[in-house]
Each structure stands twice: as structure tokens, then as C-alpha cells.
Amino acid sequence: MGTLLARLALIAAGLSALVPVLWTFLNSFKNRVDIVSSVPKFFFTPTLDNYLYVLNREAVGAGLLNSIVVVGAAVIIGALLGLPAAYALARYPLRWGNDIQFFVLSMRFLPPVAVAIPLMVIWLQLELYDTRVALIATYTLLTLSTVIWLAIPAFKAVPKEVEEAGRVDGYGPYAIFFRIALPIAARSLVGAIAFGFVLVWNEFLIALMLTTSEAKTLPIVASELSQLGRDVPWGILNASVILLSLPPLLMVGVLSGFLNAAFKRKREAA
Amino acid sequence: MRSHTTRLPAVFIGPGLLVLAVLALVPTVFAIAISLQDRELGQADTGWVWFSNYVQLFSDRRFLNSVRVSLVWEVLTVSATMALAVLMGTLMHRCTTPRWRQVLSMLFIVPVLLPRVSAAFVWKFAFHPLFGLVTWPYKAITGEPLDLFADPVLALLTVAFVDVWQWGLFFAVIVLKLLETLPPQPFEAARLDHATTWEVYAYVALPMLKAPLISLTFVKMVESLRAFDLIYVMTRGGPGISTETLDMYAFSQGFIESGRISYASSMAVLMMVASTVAFTYIWKWTKPS
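Protein chains in written order, with the working numbering: chain A, 1 to 270; chain B, 271 to 559.
Chain A on its own, in the form it takes in the complex (with noise of 0.2 angstroms):
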């Protein structure tokens, strides 16, 4: 009798989980007269419209290019630097290891307000402001603070002796790092910098106010969508959202991949 009514809250949430987003998904193949019915339709004509409108208008299709170029290039910035002092941290005993890391942990108590303010007056006086150079270096702070935090127990997880016997072998420390420490914890590092690129796509708040016209991101865009006029878009929104969601929802394999592995090494250790 419990486990019956355990399983229909388990699946109650899995629901609430899925179905809003297929109803988003759904109705961005309505015509505005599905959308706009008093009684919600599941069966209609579909129509490729929404999607092909939110495709053709400039502002989505450079929304699209500044979010790829500026997303991906703090990303890659974030990795390039913070792989190797994850690495530097997790295996060296440094004398302000500890303190290094609360830094890097403590940029995640900084209000995104009270980093989005200063900068603005900082990007405008280096006429830097509105532009893409702006949004990657602010970017990079995210997305490099993140991967190191993820990446120092991925590192830590590399077996001592396998190191060991790479120094045996007569390779040096930056051999090691290079051709044994980085390809064994690839797996878990590919989901560290999976977790930076969520973080970075999904962002908000910096973008809206870092841009105006030149280097708005997609969910700048997107937001912008419902403000035209009283007479809400709903279809063209929704496709928007979707095409919006399906970069970070295509990393939900490589995510819960980077879950599990971090859990099972607590479950070895244990």
C-alpha cells in the first residue's frame, strides 16, 4: 500500500518533470487558434510556421551566433586555464592550496547584480561595452571558477600509482599531466566542462545588462519575444523556448554520466 502510493508520487514528479516541457513542445507546432482555445488541444494540424518565423528574424539568428561565439569561447578559455590548476591543486600540496580553493569556490557568492553594475561602468569606459570581447572575458569567470571546482576531484580520482609508474617510465610531470592524468579523467572532465557550458548558455541577468543591441545572447532574445505588444506570440515564444533548450538538454546524457561517476568513486572510497 505505501510502496503503490510511493510509486504514484514518483511518478506524479517524473510527470511534472516532462509534461510541461512537451506541452511548450506541442504548442510550437500550433497555430495561434490551438494555442488560444479554452480547452487545452492535443490533437491539431501541425505547422512548421512558429519555428520557421523565430528562424528567419535577424535578432534569433544573431542572438544564435553571439551566444555560440561568446558561450563557446569561455568555455574553452575556462578549460584551457582551469584543467591545469585543478590538476595542480589535487595533486601538489601547496601551502595555500586550501585558500585557493575557497577563492575559486567563493566567485559563486558574488550577486551576478553586484558584478553586472561595476562592469557595465567598466566595459562603457573601455568602449568595450555591448560587444562580445566583453561578455566572453565575463563569462570566463563562470565557466573557469566551475571547472575548476568539478575538475579537482575528477583529477584526485586518477589512481596515485598509475602516476607512479608514468615516473618510472621516465616522463616528467607535464608528461604526466598530458598523457596520463588528462586522458584517464577525461570522461569526468568532459562533464565538468559540460556543467560550465550549462551554466554560461543558460545565463541571464550579465547578458541583459552588459548588452543592447550588438551582442545579445539567445535568451536575451527569447525574452524579448513575449514583449511584442499585448497580442502575445504564444507559438512563436514557444518554439523559441524550445529551440533555446535543446543545447543544454542535449547534455543531460553527458551530465548524468558525470553524476554517476562521481558518485561511484565515493562509493569505492567508502
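Mixed in with the good hints, there may be bad ones.
Computed footprint of chain A on chain B; a stretch qualifies when at least three of its residues, placed anywhere within it, have a C-beta under 8 angstroms from a C-beta of chain A [said to hold, decoys possible]: (1) 379 to 392; (2) 440 to 453; (3) 499 to 510.
Source of the hints: derived by calculation from the structure; they are not laboratory data.
Just so you know, even glycine gets a beta-carbon here, dropped at the ideal spot from N, CA and C.
Fit chain B to the supplied structure of chain A, relying on the hints for placement.
Positioned in the frame of chain A, the structure of chain B alone reads:
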């Protein structure tokens, strides 16, 4: 047997740390400096007014309201997220086959991956008084549309629901994985003592996970500060100012209503100081040295 003097740590940590320090410290110093001036958007001349922005804040009733809303938001979303996570995580651990666990785990990760803007739109539409999927049964039964965003208390609860939906289900997966790391012996021992299943979880399993659960709570406290996107898309702080959090108010002072950058910055600085002090303290306190 580390090869005695390698410069690897400096070479590897130096650049990353330098970039982080510049990107974090420069804005922080600027934020404080701006908050001591009377800078406004589109005005060239600025002067130092020192603490007058801060003094003004404490007689600004809208600011005090936003502090209250932020605190309510923090307590509400953190406690509801943890409650949902522990409940759903335990239910999954107790009552599902491995295959179902996998399916549910995948599903439960979906909401947190959605951009906040998307999550906000998805639910804003589901709660739409006229065409919403969730509000439809109410409308069908009573004949009246249900407008959750018209009532101050319901509006805040509705936005908080979306936040808890995103994080609570994700954390449920983590609680499940934490429970899976526990050894089976305590479960068996408690069962021999004729403890019921729920007693086993409440008095044995969950207390063993106290440390990671506290860390999770900490993570959620930090993440709950980032409510802006949801509130901006769903209510814009309304009705009235009933869902206006600190960051929402700072944003509207700085950018929408008056362009008072310095005033907005003084709020942001207070928020930064309060959260950094609080989180540093909580972190050191929960971390067994």
C-alpha cells in the same frame, strides 16, 4: 617522492588564478567605488557622496520590502527544495527497480538543465489564466479563470514553485546517489530490530548523510540568490512590489526606472557583503577541519 623542485604548480595555477583575481577583484572594487558616488546613466559628471546612498537605503521602504522578499524567497526555496529532494530521493531508493531509477533520474535532471528563462516561460504558459494546462481544470470546474499572478502571496509561491521544481528534482537524484553509497549493514541491523522502513531512513540512513546534505543545502542557498531570471520573466516583481527581490529592485533602479547606477550599486554591495560574510561563515562552520 615528488621530483623535488618542479615549477608545475606555479605554471599551472598562476594564469588561471590571475585571470580569476582580475575578473573578480576589479569589479568588486569598482562596485564599492561607484556606490560611494552619485553616478547616473547618461550623465557625465559624477561626484563623491560617500555613504549617503547607504543612508538613504534604510529609509527606502521599497528597499526594505525587497530585503524581506529576498529573505522569504531564500528560506522558502531552500527548505522546500531540500524537503522535496529528501522525500523523492528516499522514495526512489526504497520503491523502485534499477531500471525505473535510471529513467526517473534522467527525467529529474531535465528541469535544472532548462535555461531559467525557458523554465519561466514554460510555467508562465502552463499557469496562464485563460489557456494554461494547469489552471484549466480549475476553470472547467468553477467557470472562473484562475489568475495566480494577481495575488501577492500566490505570485511569490508560484515563482518559488518553479525554482523548487528545477532544483528539488535534481537534488532528489543526488540524495538517491548518496543513499546508494551507504553500506547495507545498518539497514539490515535496523530491520532486525523491527524498525519500520521509514524509521530506518529517518533515524539511520539520513543521519549518516548529514554532512553531504548540509553541503547540498549550502549549494542551494547560494543558488537561490539567483532568482532574478525567473522573477523578471514571470512577474517583473509584481503584482505591485510583492515579488521584488533585492536584485530585481537594484536592476529596476539602475536600468528601468531611474538609471541611478550608484544607488543600485550600493544595494548590490550590501548584498555582496551580506552573502559573502554569511556563506564564508556557514562554509567554515559546516566544513569539519
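Comparing the hints with the structure gives:
Three residues within the 8 angstroms Cβ limit are the bar, and the region 379 to 392 of chain B against chain A gives 11, so the coverage statement holds. Counting residues of the region 440 to 453 of chain B whose beta-carbon sits less than 8 angstroms from any beta-carbon of chain A gives 9, enough to reach three: the coverage restraint holds. Under a criterion of three residues with beta carbons nearer than 8 angstroms to beta carbons of chain A, the stated coverage of the region 499 to 510 of chain B is upheld, 3 such residues being counted.
Comparing the model with each numbered hint stated earlier shows that all of them hold.
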